[in-house]
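Trainee: As a plain string of letters, each chain reads:
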Amino acid sequence: MDITGILLIIATTLFFPGIIIRIKSILSGRKGPGIFQPLKDIWRLFRKGAVYSETSSLIFQIAPAIYFSSVLAAISFIPFGDSPGLISFKWDFVCFAYVLALGKFFMIISSLDTGSSFEGMGASREALYSMLVEPAFFILMGSFALLTGYESFFEIFRSLHFGSYVSYAVGVLAAFVIVIIAMTENSRMPVDDPKTHLELTMVHEVMILDNSGFDLGLILYAANLKFAMYGALIANFFLTPGKEWFYSIPIFIGVQILFAMTVGIIESFMARFRMNHNPQFIFAVTSISLLIFLGVLFVTGKFIAA
Amino acid sequence: MSLSVVALFSIAFFVILTIVIRADWKSNIALLAVLFSAGLSSYIAVKTFFGESFQEIFDGGYVFGTIPVRADALAGWFILLTNFTSLTGILYGRSYMKSYENQPGNLSLHFASYMINHFSMIGIFLIQNFLAFLCFWEIMTISSFLLVIFEHGKMATIKAGINFLVQSHIGVLFLTIGFIYISHHTGSYDFNAINEYSRSVGPSAGSLLFICFFIGFAFKAGFVPFHTWLTYAHPAAPAHISGVMSGVIIKLGIFGILRMLLLINMDYLAMGCIVLLISLLSGVYGVMLAIVQHNVKKLLAYHSIENIGIIGMGIGLGLIGLGLNNSYLTFAGFTGALLHSLNHSLFKSLLFFGAGTVYQKTHTMEIEHLGGLIKKMPQTAILFLIASLAICGLPPFNGFVSEFIIYSGLFNGINQEHILFSILMIGSVSGLTLIGGLAMLCFTKAFGIMFLGKERHLYHEPVHEAKNAILFPKYLIAIFIILIGLLPQFFVGIAVIPAGLFTAVKNLTGQPAEFFPLFQSISMSAFALILLSILLFGIRWLVASPNRLVSPTWGCGYTGPGAKLQYTANSFVRSYRKLVRPLLMMNKKEEKIKGVFPGPVGLQTNPYDRMEAVLIDFPIKYLKGFFNAFRFFQNGKVQFYILYGIIFIVLAIIISLIVETLN
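The listed protein sequences correspond, in order, to chains S and R.
All residue numbers for the first sequence refer to this note's numbering, where the first residue is 1 and numbers rise by one.
All residue numbers for the second sequence refer to this note's numbering, where the first residue is 1 and numbers rise by one.
Hints may be right or wrong, so weigh each one.
SDA-like mimics (lysine to any residue), calculated; alpha carbons at most 20 Å apart, straight line [what the hints assert, rightly or not]:
#1 R:Lys578 <-> S:Arg274
#2 R:Lys376 <-> S:Arg274
#3 R:Lys454 <-> S:Tyr52
Per label pair, the in silico range of CB-to-CB distance [unchecked claim]:
#4 S:His277 <-> R:Leu134: 53 to 59 Å
#5 S:Ala169 <-> R:Gly427: 19 to 25 Å
#6 R:Gly427 <-> S:His277: 21 to 27 Å
#7 R:Pro462 <-> S:Thr4: 55 to 61 Å
By construction, these hints were calculated from the structure, which means they are not laboratory data.
From the three backbone atoms N, C-alpha and C, an ideal C-beta is built for every residue, glycine too.
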């Protein structure tokens, strides 16, 4: 058991949203807030009072806490280089995805709990998109299980080694798929614009319209954690060779910064899709992960065996 | 005197007692009878888990031959899960039927059918004689039919019941063909004859035989495309019957398939692929249609098809494991299928009971008409939520455990030698993921619209929490749902005993060593998740400012929000519906707005099953036309009917004489 990974992920959340915001402000030629501004906002929210809708019930009160703890629990499955995650067992990635889904389930019903005319809209979209994106993750993990012959996060990442050119291509595609999954799950730019001011065009933001105070802080911080979590997954692709901490920690931080910058750049130069184009975009991710699977079949020589 | 005879006579006694006793006592007698036969059969079932086999042999005379009553761990497993659901079903049904005490005759029939149904199910698990098995199967079918048509005054109920009866008998036809074929070749009615016969003729004939039995049992289980009766019968029946039907009666089909699997020597690999593909289709198709349903019970009925698909995926996986001589695949597949059968019987009966409570209080099953019930019936709502989370396969509830086992088998199967299996397995993995995601969409809709928000409709009478007698059986089920989720190692430990029967078919090694530590880890992470949530909730209590206000929901500046402004179930699934429109059949009636001052206009959408339209309605239309040509036979004159009889007898004699002379 090793908690370096978890500590690093939490450390990443301190600067991750700040970097996105800085990149966006630099690219649009604004002065922009400091790197720690998003964190300060969350801290302020934690201590603020809250307003609850009179329509809402118990579900609305417990959902943010369950959502947050589901993300934390999911993080405990993520390995860090040579050390396994806090909880590690065979096929733990199934548990990882389903724990995240539990949190999402509660967020969706909590938004329906307010009886709002907008929040159900966001909930419906979030449920649909996360349903569409999930097969991509599972196909990706299945491909890696096939490539390495191992079946848990830790063992897969430990034994992942890039032998041929095809496997490099597989690695790049996999990183790309995880970036897109992270963007979709976090409701970021090509799928959803977190900065939009029109409720009709929101996905995640509109779901949490009625949350305030501590609860809103939890939800916002959980989004940061989720980003850092997917960043950690990407970082794990590159952590395998460096056994010593003075290699792996800088690589980890470097990958996270790069990831945050990528998100910032994507958000600066891309517009949000029309709502009905989103499913097509997400299907494309699934087909890319299928490409990865075919690539892996090629690398492992199954085509020839057949 | 043997146990079976005791059970038979006491059930007969209880049935007579129910008929003669006072109306308000009938339910208690039914409870007593179910308790009695459940106790007796559980005793046999538990013994099988300790390796003690149970066997009684009766002499059925010239017609039946010897009737063996045998119990193994497979029968034991299904007996236990049937007993639990039947017991909670009658506990719930007792209170549910209170309002019908003004119809004593109808009530006697109902409760007598319930007892007979329970008894015949246990008979099906134990009896291993073709003819006696078919008799019990028939008794079970007819008693379920009587249970379904309790409210026979309604046209829809009678139609659903007859649909069920007809389709069940098509299943029986396939079973009968299989049984006749074997008894013709072996001259025996004993189930062991199937085994001996299939070993003597080789795997390809065995496969054909298995397909015949599979279709027969699939009608009962509700695999697509044999599912169409299910979505009518479940909503038509009273809530506790829907729960028992979905929980255990359709599991009889699963039991039959598993029993035949143990007996028939076949081409395991090919059959495994077929079963896996059919199950995948059932799973995805069931949940896809469930989402667009707006009647709670119909929605739950489609989810039964989905869950049968998941169970079938486990069976298919296990079969492929047997074909590849892979002990992990076999083990994970069958353990997953068995455990999911139990899990489904738990959460599905809880969901149906919850829906029944809602129906009794609000007198509607339309999701669009409900809303805000969590404030009026909080316990019912929380119980429904637990079952919804469990059916979506989310941790820390029971559905996750069995789905995890099946996932583990599928991922293990990816690493097979042959590319075909890698592709099949990855396809199944994405199918199972899709099923999970769609189930989440469906149950966020069902729970969110039914119980949350504001009332969407004016209820006829004030709605309040159900009585304790209604809640008690539901809590009982919920406890098991949570226990299996939190301590899976214990329940998986029991499920592996019947699963071991299947690995023994090919003398594969028993359970793999890595199996149990897995469930300890799952149990650990489930506890961690719960502790974290509680901890966070505590922190929230401490840190968050006590300054809390209550105000109307944010309406974007609009200050007159009403219940009609809320998001509806139809709009919640609209983007999904548009996405899958080519695959579904939505009958839409839309009135156009006309003129400057338009009158009231309406929009009506009606989801329909495309498979039903193609496989049932279309042939029936043409069959009707064809058979109409022969209507002159049925002219209502007795003389003609006697003439037909004589013609038939003469023809039978002449044909047999001709055949004899030719030979």
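Trainee: Hint by hint, where does the structure go against what was stated? Just the numbers, ascending.
Mentor: Hint 2 alone not satisfied by this model.
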